[in-house]
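Q: Okay, here's what each chain looks like letter by letter:
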Amino acid sequence: MSSDMSNSSHKPDDGSEPKNGPPSNQPKFWNDPKKRSLLFQVILLAALGFVFYTIIDNTLTNLEQRGITTGFDFLTREAGFGIAMSLIDYTEASSYGMTFIVGLLNTILIAVMGIIAATILGFILGVARLSDNWLIAKFSALYIEVFRNIPLLLQIFFWYYAVLRTLPHPRQSIEFFGSFINNRGFIFPAPVPEDGFGVVLFGLLAAIIVSWLIARWANKRQELTGQQFPVYLTALGLIVGVPLLLFLLSGMPLGLDHPELKGFNFKGGITVIPELIALWLALSIYTAAFIAETVRAGILAVSHGQTEAATALGMSKAKTLRFIVIPQALRVVIPPLTSQYLNLTKNSSLATAIGYPDLVNVFAGTTLNQTGQAIEVIAMTMAVYLTLSLLTSLFMNWYNARIQLSER
Amino acid sequence: MKKTLTSAAVLMVAMTGTAMAGTLETVKERGAVQCGVTSGVPGFSVPDDKGNWKGLDVDMCRAVAAAVLGDATKVKFIPLNAKERFTALVSGEIDLLSRVTTWTQTRDTQLGINFAGVNYYDGQGFLVKKELGLKSVKELDGATVCVQSGTTTELNMADYFRTHSISYTPVVFDTNDQAAQAFDSGRCDSFTTDLSQAAGLRTRMQDPSSVGALPEVISKEPLGPVVRQGDDTWFNIVKWSHNAMLNAEELRLTSANVDKMKAESTDPNVKRLLGLDGPKGQGLDLADDWAYQIVKQVGNYGEAYERNVGKDSPLGLDRGLNALWNQGGLQYAPPMR
Numbered sequence: 001m002s003s004d005m006s007n008s009s010h011k012p013d014d015g016s017e018p019k020n021g022p023p024s025n026q027p028k029f030w031n032d033p034k035k036r037s038l039l040f041q042v043i044l045l046a047a048l049g050f051v052f053y054t055i056i057d058n059t060l061t062n063l064e065q066r067g068i069t070t071g072f073d074f075l076t077r078e079a080g081f082g083i084a085m086s087l088i089d090y091t092e093a094s095s096y097g098m099t100f101i102v103g104l105l106n107t108i109l110i111a112v113m114g115i116i117a118a119t120i121l122g123f124i125l126g127v128a129r130l131s132d133n134w135l136i137a138k139f140s141a142l143y144i145e146v147f148r149n150i151p152l153l154l155q156i157f158f159w160y161y162a163v164l165r166t167l168p169h170p171r172q173s174i175e176f177f178g179s180f181i182n183n184r185g186f187i188f189p190a191p192v193p194e195d196g197f198g199v200v201l202f203g204l205l206a207a208i209i210v211s212w213l214i215a216r217w218a219n220k221r222q223e224l225t226g227q228q229f230p231v232y233l234t235a236l237g238l239i240v241g242v243p244l245l246l247f248l249l250s251g252m253p254l255g256l257d258h259p260e261l262k263g264f265n266f267k268g269g270i271t272v273i274p275e276l277i278a279l280w281l282a283l284s285i286y287t288a289a290f291i292a293e294t295v296r297a298g299i300l301a302v303s304h305g306q307t308e309a310a311t312a313l314g315m316s317k318a319k320t321l322r323f324i325v326i327p328q329a330l331r332v333v334i335p336p337l338t339s340q341y342l343n344l345t346k347n348s349s350l351a352t353a354i355g356y357p358d359l360v361n362v363f364a365g366t367t368l369n370q371t372g373q374a375i376e377v378i379a380m381t382m383a384v385y386l387t388l389s390l391l392t393s394l395f396m397n398w399y400n401a402r403i404q405l406s407e408r
Numbered sequence: 001m002k003k004t005l006t007s008a009a010v011l012m013v014a015m016t017g018t019a020m021a022g023t024l025e026t027v028k029e030r031g032a033v034q035c036g037v038t039s040g041v042p043g044f045s046v047p048d049d050k051g052n053w054k055g056l057d058v059d060m061c062r063a064v065a066a067a068v069l070g071d072a073t074k075v076k077f078i079p080l081n082a083k084e085r086f087t088a089l090v091s092g093e094i095d096l097l098s099r100v101t102t103w104t105q106t107r108d109t110q111l112g113i114n115f116a117g118v119n120y121y122d123g124q125g126f127l128v129k130k131e132l133g134l135k136s137v138k139e140l141d142g143a144t145v146c147v148q149s150g151t152t153t154e155l156n157m158a159d160y161f162r163t164h165s166i167s168y169t170p171v172v173f174d175t176n177d178q179a180a181q182a183f184d185s186g187r188c189d190s191f192t193t194d195l196s197q198a199a200g201l202r203t204r205m206q207d208p209s210s211v212g213a214l215p216e217v218i219s220k221e222p223l224g225p226v227v228r229q230g231d232d233t234w235f236n237i238v239k240w241s242h243n244a245m246l247n248a249e250e251l252r253l254t255s256a257n258v259d260k261m262k263a264e265s266t267d268p269n270v271k272r273l274l275g276l277d278g279p280k281g282q283g284l285d286l287a288d289d290w291a292y293q294i295v296k297q298v299g300n301y302g303e304a305y306e307r308n309v310g311k312d313s314p315l316g317l318d319r320g321l322n323a324l325w326n327q328g329g330l331q332y333a334p335p336m337r
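Just so you know, the sequences run in chain order A and B. Residues 1 to 408, numbered by the numbering used here, are exactly what the first sequence covers, in order. Residues 1 to 337, numbered by the numbering used here, are exactly what the second sequence covers, in order.
Some chain A residues well away from chain B (every beta-carbon gap over 10 Å; in silico):
#1 Asn31
#2 Leu39
#3 Phe139
#4 Ile270
#5 Ala297
#6 Val332
#7 Leu390
Straight-line distance between alpha carbons at most 20 Å, and here's what the computed DMTMM-like set of lysine to aspartate or glutamate pairs gives:
#8 Lys280(B) to Asp259(B)
#9 Lys138(B) to Glu92(A)
#10 Lys260(B) to Asp277(B)
#11 Lys74(B) to Glu29(B)
#12 Lys28(B) to Asp71(B)
#13 Lys267(A) to Asp141(B)
#14 Lys262(A) to Glu139(B)
#15 Lys267(A) to Glu139(B)
#16 Lys260(B) to Asp289(B)
#17 Lys262(A) to Glu131(B)
#18 Lys135(B) to Glu216(B)
#19 Lys76(B) to Asp49(B)
#20 Lys262(A) to Asp141(B)
Stretches of chain B that chain A covers, calculated by requiring three or more beta carbons in the stretch to come under 8 Å of a beta carbon on chain A:
#21 80-88
#22 99-113
#23 144-150
#24 182-190
No lab work stands behind these hints: they were computed from the structure. For glycine and all other residues, C-beta sits at the position ideal for the given N, C-alpha and C.
Only chain A is shown next, with the shape it has when bound in the complex (with noise of 0.2 Å):
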């Protein structure tokens, strides 16, 4: 059959023409809308290829000209500089190619550590200035107007040099149960996980799955006959407890390497540099502010009939929040919140002005004026922010097109 058919379409002087009818019918090709947008298309395209064509090839004539090197050779090179802060083994034996990793890994940390405290504030803040107690509204529109209009970068500077410059000299850090704050960071101690500890592990992943699979038959269950079970404390209890009880079990595997003053600093445990600390306190508490008035919008524009209408079936105000309004806010809450993830990950390049070592810093910074190499430098930064925005946007948008589903 399918033989058959490329044989006719290979000759088509075979007889099979005029099955086509007769060709007077059918209209020029540039009188025919759908050809002749098509035909635009391509030109338009031929056209922006051209100008991106034009735009390189004169970009690397003229740094020829100019005596300048490109390429990306230099990723390979020794880097030969210290960076104060690395998620990963680096050492200034490390190529430059490495330093982009380890600036990347510190960009990630920052903006996940970011997300997840701004988040949290956020919505605590814009619930409460929806409080009917007028202190709890009040305090919390007073901070919402004050950290939303005071540029982000005045706040950097406050969290850096204000507040964490005037902590004391290592020596006279101050301690508490067994970690240190002074200028140089917050110093605690390391877990190191010894023998067994992969038990506890183990017990941990095995209580996830075990209530998330308790959450799922509660649910059926609710359902069909409308029997609640206590999913969130059965699991909070199996999530804490067995990791908790396997952890005793087998002799509290795990050791902690306490950090000591030695000579300058403290050697051991593990130290947040005070640049990581300013960078977070003033992103999470910037964006926050924001993320805040989001919130507060996406529960106004449930309609008040909505609550109404849980009071009148008995539920607590508890339940109409988690049941009733915050469903429907989220619809409300999610697109604005993914800007908001987006512009905290893009923010997060000030640190360079307190010196956290992030991608801008480390790699658009250090490694751009070692090797000189501006362009490739640059246009590896860009489409770093680019990858990361829309990645975050990618998951936000999965996650709003999966609540939007849910509604019945």
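Use these hints to put chain B onto chain A, whose structure you have.
A: Here is chain B on its own, set in the frame of chain A:
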């Protein structure tokens, strides 16, 4: 943010591909030299309380303006941080970079720039608080060190600590000023930079007497004016402006006696330098009295040195390596003939 802008500017320039006119013509047309300097390093380039820029690097800019335009005041100073400087030069934002910039092979050969001489022979050192009682850089194991990003300093420190197996944490700032402040407020145990800059920045600390330099000088830092590659006329002008200042000192020509010498001196070297004889301004496309204008308006190298970083300044640095060759230093200019 500014850095991003300059980088964008480079992109734009590189993309549009407009053939740049000669720097000399551009400067003459504009009537001012655009000179890239630091955002404030005492002794090298810093604005005084009236907003006039002062310093050894500033005098380099003024010398070029005097030679080209006959007026040392016709300079527009553009403060740049270390990261912005080369981009600003290559993109044409500035005509001349005179910003305590170390001459290295990578910079000279790969960035599309040329070093036109050395106006200060420097070396890198470490500042520490005296109360710690440190005697050597080798005792800095485990220390946190403040440093400016995008400098040779950052690399030298890494090299030195690595070869001596000293562990350290760098805290990197955009400007040397920020790094010095961070050190002053206790964020770091030590602050490293070129010793001349350290001397200048130290004068601004809360208690300069509590801060001292460790004895080691860990690097060679030949600092000098930089121009774009591919404009030999302009390159020559900057190079010879610097040479004229050195030769003037060698011939004991100062801003005070230059008029008298011009009228009376019979020394053929003096006459050639002042444009009464010899090559004059021809090969440089400048007026014949270009070197006279430099000496008259800016002074010779020794004058500029003493006024800005030497014994007449708060820095009080000795001539050391920067003395003339015939006085035990390295400053040596080719003859003007």
